[in-house]
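Engineer: Take these sequences, add in the hints, and give me the full structure.
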Amino acid sequence: MDDQPKEGGEGDKKIIHVYPLVKHSDMQEEMKNEAIDMITTACEKYAQNYELAAKTIKEAMDKKFGTYWHACVGEGFGFEVSYETKNILYLFFGGNLAIVLWKCS
Amino acid sequence: MPDKANTSSTAASLTPASETAEEFDDESEEESKIRVRFNVRGLLRVFTADFYCCGLQQQIRASSLGSKHAGEGDDNDNWTRTSRQLLRPADQMDLTETELSEEIPKILSTENRHLPQNLVIYSFKEGAYIPIPKSTNVVTIFECEGSAIHIESAEAKAQIARDGVDPRIAELKSGTQTGATTPDLIDRPEGTPEQGEGEGSEAGGEVEVEGEEEHKEVAVGTTGGPKKKLTNQFNFCERAALTCSNPSRSVETQTVPPPRSQFGANVVQWHIYDSYNEDFDRQTREKEKEMMKEKKPGLQKHAELKRGDAKNKATEEFNRKYLQKCQILERMVNQNIFDDIAHGWLKSFLTISTLTILIKDFRYYEDPSDEFREDDGTLLPLWKFTYDKCKKMSVTDICLNTHYFDLYAVCFGSFEFIKQVSEGCVCLFSIKNPSFPEYRITTESGAMCCDVHKKYPYLIVIGQYDGNVCVYNLQMGTKEPVYVSQGVNGKHSEAVWEIKWGEDMQDGEINFYSLSSDGRVFNWVLMQNKLTLTTIITLYLDVPPVCGPDGTMIKLKASGTCMMFHPTNKEIFQVGTEDGLIFKCSTAYSSKYLMVYQAHYLSVYRMDYNKFNSNIFVSCSGDWRVKIWEDMRNDPLFIFDLGASVGDVKWAPYSSTVFAAVTSEGRVFVFDLNVNKYKAICSQQVVPRKKNKLTRITFNNKLPFLIVGDDKGTSITLKLSPNLRLLCKPPKKQGWMDQHTLQVQKLDRLLSLVRELPEGGQSTENDPVDDATSN
Chain A
1 MDDQPKEGGE GDKKIIHVYP LVKHSDMQEE MKNEAIDMIT TACEKYAQNY ELAAKTIKEA
61 MDKKFGTYWH ACVGEGFGFE VSYETKNILY LFFGGNLAIV LWKCS
Chain B
1 MPDKANTSST AASLTPASET AEEFDDESEE ESKIRVRFNV RGLLRVFTAD FYCCGLQQQI
61 RASSLGSKHA GEGDDNDNWT RTSRQLLRPA DQMDLTETEL SEEIPKILST ENRHLPQNLV
121 IYSFKEGAYI PIPKSTNVVT IFECEGSAIH IESAEAKAQI ARDGVDPRIA ELKSGTQTGA
181 TTPDLIDRPE GTPEQGEGEG SEAGGEVEVE GEEEHKEVAV GTTGGPKKKL TNQFNFCERA
241 ALTCSNPSRS VETQTVPPPR SQFGANVVQW HIYDSYNEDF DRQTREKEKE MMKEKKPGLQ
301 KHAELKRGDA KNKATEEFNR KYLQKCQILE RMVNQNIFDD IAHGWLKSFL TISTLTILIK
361 DFRYYEDPSD EFREDDGTLL PLWKFTYDKC KKMSVTDICL NTHYFDLYAV CFGSFEFIKQ
421 VSEGCVCLFS IKNPSFPEYR ITTESGAMCC DVHKKYPYLI VIGQYDGNVC VYNLQMGTKE
481 PVYVSQGVNG KHSEAVWEIK WGEDMQDGEI NFYSLSSDGR VFNWVLMQNK LTLTTIITLY
541 LDVPPVCGPD GTMIKLKASG TCMMFHPTNK EIFQVGTEDG LIFKCSTAYS SKYLMVYQAH
601 YLSVYRMDYN KFNSNIFVSC SGDWRVKIWE DMRNDPLFIF DLGASVGDVK WAPYSSTVFA
661 AVTSEGRVFV FDLNVNKYKA ICSQQVVPRK KNKLTRITFN NKLPFLIVGD DKGTSITLKL
721 SPNLRLLCKP PKKQGWMDQH TLQVQKLDRL LSLVRELPEG GQSTENDPVD DATSN
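Heads up: the sequence lines are chains A and B, in that order.
Every letter in the first sequence is one number past the one before it in full-length UniProt numbering, and letter 89, counting from 1, is 89.
Every letter in the second sequence is one number past the one before it in full-length UniProt numbering, and letter 709, counting from 1, is 709.
These are calculated hints, taken from the structure and not from any lab test.
Since the model is a prediction, treat every value here as computed from it, not as a measurement.
Be aware that one or more of the hints could be misleading.
As the list claims (entries may be wrong) - Taking lysine-lysine pairs in the PhoX-like style, the calculated list, with each CA pair at most 25 Å apart, reads:
1) Lys23(A) with Lys500(B)
2) Lys479(B) with Lys500(B)
3) Lys23(A) with Lys287(B)
Stated by the list, open to error - Taking beta-carbon pairs under 8 Å as the criterion, some of the chain A residues facing chain B (in silico):
4) Tyr50
5) Asp62
6) Lys64
7) Glu80
8) Val81
9) Asn96
Note that beta-carbon positions come from the ideal geometry of N, C-alpha and C, so glycine has one too.
Structural biologist: Okay, structure coming up:
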């Protein structure tokens with residue numbers, strides 16, 4: 001994990017963490033790592049367009065691990081999902097983004 | 001079969017009577033039924049059966065009526081049982097019994113009798129009445145042409161003639177359909193024509209049939225093929241077979257759906273922020289842990305050592321605390337153990353009431369018998385100091401600590417070349433604790449000599465039998481030397497006999513000098529972490545070189561046995577050698593001797609400068625003699641023969657004229673030249689003569705006792721009786737003079753006597769010898 005502490009403009013040091021932080025996941029380790037990679041790339045690629053990012057994540061996951069994946073990318077939302085067990089990933093990224101990724105066919 | 005044939009035949013004959021059917025139809029529509037019949041020709045005809053059973057119906061109707069009546073009668077019977085008279089109609093015929101039993105058959109016919117037989121119609125064409133053909137009462141509802149043909153029909157015959165079908169089959173077929181007339185033909189075997197002939201009545205027909213059969217046989221014979229069904233030429237229908245098809249089944253299953261779970265959360269920015277912070281904290285903590293872990297492998301050993309050290313330190317500290325206590329306790333115990341000695345003294349001092357418990361201390365004991373002696377004194381043994389491990393070693397050196405007067409170091413080793421010890425030992429004893437040494441230092445080979453630094457009383461330098469020297473710092477512990485000589489060239493090649501700390505060098509480096517029997521004097525400087533060595537002097541003998549191997553010339557060296565430094569002039573030192581010479585040298589010149597004394601006949605064991613006059617020194621030797629010398633004087637001032645090899649001699653620190661010597665016979669001699677120039681004022685056997693030898697002697701600097709060492713590892717403290725330590729009484733006129741000047745004066749006075757009379761000196765040389773020998 002890479003943490004890149006940045007200095008905020010304010011008076012005292014404000015450290016902003018941007019690394020992906022897995023908040024909740026019951027995935028297999030391999031799948032989780034892959035998913036984190038995908039999310040990282042997608043969110044970095046479409047930093048301004050969450051919809052596109054979510055779409056990219058979803059499609060990549062569908063391709064990689066079979067249908068049907070659902071992805072949510074946003075700064076503030078609530079969710080309550082049913083998912084196929086061992087197929088959820090809830091992580092924070094970039095300091096202000098939350099991404100939920102789950103599979104439910 | 002015959003019935004069928006009948007019906008079919010009647011049906012065939014019914015056709016003309018069908019005209020009347022309509023009448024019956026009206027009456028009984030409900031009862032009408034449809035009959036299906038195959039006629040002989042194969043035409044299916046359907047018609048109502050009502051017409052031929054009309055009579056029957058009437059009868060049935062009548063009987064039903066009758067039954068009705070009978071039913072009524074029954075009812076009447078039930079309630080007019082008593083009368084039992086049968087009512088009978090009036091017009092009923094009375095019939096006789098025979099008439100009643102006669103059977104009257106009723107024949108039903110299909111012929112409609114009501115139909116007019118002879119209806120005519122006028123034909124204008126012919127101009128005459130012609131009969132109208134009889135209308136039939138047959139109504140054709142359905143007609144279906146069969147494929148079979150009658151065997152006897154012309155068509156069948158033509159077909160048989162054409163195809164040659166087995167006539168029997170055809171017969172069989174036709175037989176089943178044609179009726180009662182044919183079975184006979186079928187069943188009859190071909191080979192029985194007589195039987196057929198015998199029947200007679202139908203002979204003509206039979207012949208005809210037989211002819212047919214023959215014809216057919218011919219056909220069969222010609223074709224010879226399998227039986228073939230006769231088929232209608234025009235409406236032939238092929239027969240097809242259909243196998244039963246597999247029944248289809250439908251089966252359904254359902255798998256268990258994959259397990260599902262629920263998860264929900266609310267994403268808000270501060271949650272994200274908090275999570276990141278939490279995680280970061282955790283990471284930093286882990287990193288720290290890892291750092292610790294990383295440090296570990298590299299520094300594990302170190303850490304372990306450290307830990308070990310810490311542990312050791314802790315235990316050491318603990319031990320030190322307890323050690324102190326234990327030492328005090330030990331001393332107390334020892335004091336109690338040796339209480340009887342003290343007690344003994346106490347007894348002898350009973351008269352002195354002022355004596356307190358302190359009387360136990362050795363320092364307050366004075367031999368009271370001295371008062372009654374003229375000049376002689378005694379030595380009272382106080383304590384014996386031994387160390388179990390060194391019991392078989394001899395005391396090679398005794399060195400007083402300059403700081404603690406009660407502490408002294410004893411070197412254990414061996415003087416014997418043959419009986420060398422495997423390891424040496426240096427013990428520092430305190431007279432407060434006779435049972436156990438305060439410090440113990442173990443050396444690799446026998447310790448031959450040691451010296452305690454004056455400035456740094458914790459520094460001890462030890463010379464060993466193997467030529468090595470080592471420096472111990474008692475503050476750092478006694479296990480490892482602080483400095484040790486290294487290598488073959490970095491040490492003496494023979495035993496180190498005397499070792500002395502030198503004055504600190506100009507830049508404050510601590511250094512010491514060592515003398516070995518290899519004839520060299522080294523100066524060792526304690527550098528940062530090693531000893532550096534410089535040769536001060538090599539003691540070459542003043543004799544021509546000796547031939548060595550391969551024509552080399554070897555300069556003989558004197559092997560030194562003892563060395564002493566001038567108390568005031570630190571450059572000057574004297575070396576006694578094995579061949580009895582004493583060299584006076586200076587550290588400034590490495591090749592020249594300041595003076596050479598032809599001192600003894602055997603090796604010089606020890607020398608000592610007078611504490612008050614450094615021009616005077618004493619030497620002892622294996623030639624039994626103790627000689628007192630003045631600096632730069634070839635001849636000794638005094639010679640004393642002690643009757644045995646003299647191991648050591650020392651000037652007393654308190655008197656300029658007192659010195660003590662020990663001999664190998666176990667005697668301690670104390671001389672006071674001021675009292676007796678010829679004889680020792682005290683000569684006392686301290687150890688058993690045959691068993692032990694005394695090797696070394698030292699005066700305590702402060703307290704009036706001697707320490708002597710023997711060759712059994714024992715050092716004994718001897719209390720000097722008052723007569724042995726007489727001090728100078730200042731003259732009445734010069735009461736202000738201090739003891740030191742008085743002592744110097746005393747010695748000078750004595751010396752002046754000797755110096756003035758060189759001849760007398762000679763005489764004095766002889767006299768003590770005589771004395772000694774006389775002893």
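Engineer: Go through the numbered hints given earlier and state which of them the structure violates, listing their numbers in rising order.
Structural biologist: 1, 4, 5 and 6
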